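Chains as they are written, first to last, in the working numbering: chain A, 1 to 505; chain B, 1001 to 1105; chain C, 2001 to 2123.
Do not rely on the hints blindly, as some may be mistaken.
To be verified - Derived lysine-lysine pairs resembling DSS-like cross-links, with alpha carbons at most 27 angstroms apart: (1) K2117/C - K147/A; (2) K36/A - K147/A; (3) K31/A - K2042/C.
As the list claims (entries may be wrong) - Which chain B residues stay away from chain C? Per the calculated CB distances, all over 12 angstroms, these: (4) L1008; (5) G1012; (6) A1016; (7) G1021; (8) L1023; (9) L1037; (10) F1052; (11) I1054; (12) G1057; (13) L1058; (14) N1062; (15) T1072; (16) V1097; (17) D1099.
What the hints assert, rightly or not - Pulled a few chain C residues facing chain B out of the computed Cβ check, cut under 8 angstroms: (18) L2008; (19) I2010; (20) A2062; (21) Y2065; (22) L2072; (23) V2076; (24) L2081; (25) E2121.
Just so you know, these hints were derived from the structure itself, not from any lab.
Note that the structure is a prediction, hence the values are computed from the model and not measured.
Glycine included, C-beta positions come from ideal geometry on N, C-alpha and C.
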Amino acid sequence: MNTALNLLHLLTPESILVETILVVLIAGLFKATAQKRNMLLSLTLIGGVTAGAMLIFQPHYGNIANGMAVLDPLTRFIKVVVLGLSLITAVYAVQSNIRQHFAEYLALILFTAIGMMLLAGTENLLMIFIALEMVSIPLYLLAGFLKQSSASAEASLKYFLVGGVSAAFLLFGISLIYGTTGATSLRDLAQSAPAVTRDPLFLAGLVMAIVGFGFKVAAVPFHLWAPDVYEGAPTSSAALIASGSKVAGFLILAKFLAIGLAGAAGSAASSQLQPGWLPLLAVIAAISIVVGNLAALSQSNVKRILAYSAIAQSGYMLLGLSATGGTALISVLFYVVVYALTALGAFGVVLHVEQRRGGSQLHHFEGLHQSAPGLALCMGVFMISLAGIPPLAGFFGKFYLFAGALGSASQGGNLGLLWVVAIAITFNAVSLYYYLIVLKHVFVTPATHPAEPVTRRNAATFVTGLLAVSVFAIGLYPGVLLDPLRAAAQAANRKPVTAAPVQPK
Amino acid sequence: MITLNDYLLVSGLLFALGFAGVLLRRNIIIIFMGLELMLNAANLSLVAFSRFGIVNGLPNYNGQMLVFFIITVAAAEVAVGLAIIVALYRARQTTNVEDLNTLKF
Amino acid sequence: MSYDYLLLTIFLAIALIFPLVPLGLAWLWARTLSPAKPGHDKQATYECGLESEKPVQIQFQAHYYLYALVFLVFDVETVFLLPFAAMGFVNIPVVGFLSIMLFLLLLVESLVWAWAKGILEWK
Chain A
1 MNTALNLLHL LTPESILVET ILVVLIAGLF KATAQKRNML LSLTLIGGVT AGAMLIFQPH
61 YGNIANGMAV LDPLTRFIKV VVLGLSLITA VYAVQSNIRQ HFAEYLALIL FTAIGMMLLA
121 GTENLLMIFI ALEMVSIPLY LLAGFLKQSS ASAEASLKYF LVGGVSAAFL LFGISLIYGT
181 TGATSLRDLA QSAPAVTRDP LFLAGLVMAI VGFGFKVAAV PFHLWAPDVY EGAPTSSAAL
241 IASGSKVAGF LILAKFLAIG LAGAAGSAAS SQLQPGWLPL LAVIAAISIV VGNLAALSQS
301 NVKRILAYSA IAQSGYMLLG LSATGGTALI SVLFYVVVYA LTALGAFGVV LHVEQRRGGS
361 QLHHFEGLHQ SAPGLALCMG VFMISLAGIP PLAGFFGKFY LFAGALGSAS QGGNLGLLWV
421 VAIAITFNAV SLYYYLIVLK HVFVTPATHP AEPVTRRNAA TFVTGLLAVS VFAIGLYPGV
481 LLDPLRAAAQ AANRKPVTAA PVQPK
Chain B
1001 MITLNDYLLV SGLLFALGFA GVLLRRNIII IFMGLELMLN AANLSLVAFS RFGIVNGLPN
1061 YNGQMLVFFI ITVAAAEVAV GLAIIVALYR ARQTTNVEDL NTLKF
Chain C
2001 MSYDYLLLTI FLAIALIFPL VPLGLAWLWA RTLSPAKPGH DKQATYECGL ESEKPVQIQF
2061 QAHYYLYALV FLVFDVETVF LLPFAAMGFV NIPVVGFLSI MLFLLLLVES LVWAWAKGIL
2121 EWK
């Protein structure tokens, strides 16, 4: 009985979001008026902001039913981030071409937000699977929301099939890990995993789980769905897939590997290769970086460029994950949050262009600096940040990531991961080409489209501008984001309930 | 006597069959059935592990509990998947994956 | 594996052989001995032994699938009522009772939503 009340207390923000969904769905049933979409959006935002406020007034620590629902400062921080990203997506949705069933669209975004928050706040294999499905299933629907568009339906189906297979892989992997260790909570798993690291069943389960996660974060060779989905899905849905689900996915992958399986890590150092998940991760990271960056070169659709760039960025993040210990987790989270803000902003610009000019091919962006100078400037900030050029946030993200990987103590100290970092830096230079191609179309190429009226301000462009400013600000003062993350992570390690910080091997 | 390994063998076979179905078949509905087969293979192994993973004289019930949730999650997935297939069929008049070629380089 | 399953295996083998052998013979007979003579009556769709009057391959409305999907979801959600029933409807703590009621309330709201959306109306 106590547990149930505690659980309710711990999950108050999520409960508020559920209530918001119910209200939005019922409100959506009433007769459509011109103001209805804005009314629904404000209902959503009110609910979301209330939930965010509740998050801040939550108890600092909590751990219920063996890690089913946990709360610590780091988790809370990530929960606030994913909630914010989802609400921004909701603002985008008002400007997008979703006319029918708008209330349901908002409700699905909120469902995804709940799933991501639960995913961030769990350290239990059972809950990880359920929360991951709570994220994925609404996302399939969001991707296919334009029922009449055959591209949207196709993107949704591809996303669904790939996501379903990955869920099955993940589940089978979880079942094998559970079977061989008898543990479902990650902390228990950390205790019993070292005893079975040579058990083939356990290793098979580990590989299958990593394959499942690899699909979710779109790492090569499990990336083929991403470009099609980004292109075919409604832009606001693609923005959520690219930003929020990525943050939640990487946080849970990091928790799964660094907390649960720290004992089965092995080593990817070129001098002392040991079997485990680290070499696997390092290889996946290297391939993702190479394939993502090379494939992006030949694209002509900005959404597809963003998709392949996302695959490459996944590679960088996996590289950060394979450098366990020390500040590695912080740098990965810093990177993934910055990436999410940037990608969300870039999709905001794409949304604007798509609404105004009917497409997201490169030539649709021509002469954007004349018709919408503010947005063009924002696009410049996002692209340069993605390319990792100082002084923008993306540069510091990459800097911390690479520095963490090079200095990683668990890799035998002396530059063991140098080979991956070398690949990453080389191909980062390659990536500059396609980011600059986008900017060339935005700024240099003269407009071939007929002149359009100068953009009126609306909520979506305002939010896009805000994202650009925040990316810029984080670039100037990385501490804005880094300090809270660092403080949160330290506080999370100090807490008594889960007092075992991840020991570098 | 049926041992844990027998269950795992069956579940591994089911998983392989389901995966082969997903990879080889061309009809979306059948691919879909393969997917469900994969999920149910995982269910079987979870129940088997739960039944045989005896701690202090009691089976480890966590696995069986998860199976309940997987069943409902799978049902939700089926509902969503069929809805997507219906939407696709109305837009394209096909249920063959080889006809899904709108989105390409 | 022991001899426990020997009987079953043999039984299974026999159970497979008995229907398969006649089928195979019939197939051989049809392939080698009987000439193929497709005719109007042979090609006709079988409909209770009568001449079929309308095209038989009718398409269901998409609405039919919506019905089925709504049914599917509500049908499976009853799984979560199982623990409630397994407790024998007694000895249930207040919080447990309230949470199951909350769950039912959510189901009712989703039913109301589906109804108001017009999914349950046959057109």
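Consistency of the hints with the structure:
1. K2117/C - K147/A: holds (17 angstroms)
2. K36/A - K147/A: Answer holds: K36/A to K147/A is near 21 angstroms, not above 27 angstroms.
3. K31/A - K2042/C: violated (56 angstroms)
4. L1008: Its Cβ never comes within 12 angstroms of chain C, the nearest being 14 angstroms, so this holds.
5. G1012: holds (17 angstroms)
6. A1016: holds (21 angstroms)
7. G1021: Holds, since 21 angstroms exceeds 12 angstroms.
8. L1023: Answer for L1023/B: holds, closest chain C Cβ roughly 26 angstroms.
9. L1037: Answer for L1037/B: holds, closest chain C Cβ roughly 17 angstroms.
10. F1052: holds (17 angstroms)
11. I1054: The assertion about I1054/B holds, with a minimum of 21 angstroms to chain C.
12. G1057: holds (21 angstroms)
13. L1058: At about 17 angstroms from chain C, L1058/B clears the 12 angstroms cut-off, so the statement holds.
14. N1062: Nearest chain C Cβ is 15 angstroms from N1062/B, so the label holds.
15. T1072: Violated, since 5 angstroms does not exceed 12 angstroms.
16. V1097: With a cut-off of 12 angstroms, V1097/B remains clear of chain C, as the shortest Cβ separation is near 20 angstroms.
17. D1099: holds (18 angstroms)
18. L2008: Cβ of L2008/C sits 12 angstroms from chain B, so the hint is violated.
19. I2010: violated (18 angstroms)
20. A2062: At about 6 angstroms, which falls below the 8 angstroms cut-off, the nearest Cβ of chain B leaves the hint on A2062/C intact, so it holds.
21. Y2065: Result: holds, 5 angstroms to nearest chain B Cβ.
22. L2072: With a minimum Cβ separation of about 6 angstroms from chain B (threshold 8 angstroms), the hint on L2072/C holds.
23. V2076: Since chain B brings a Cβ to about 4 angstroms from V2076/C, closer than 8 angstroms, the hint holds.
24. L2081: Nearest chain B Cβ about 11 angstroms off; hint violated.
25. E2121: violated (18 angstroms)
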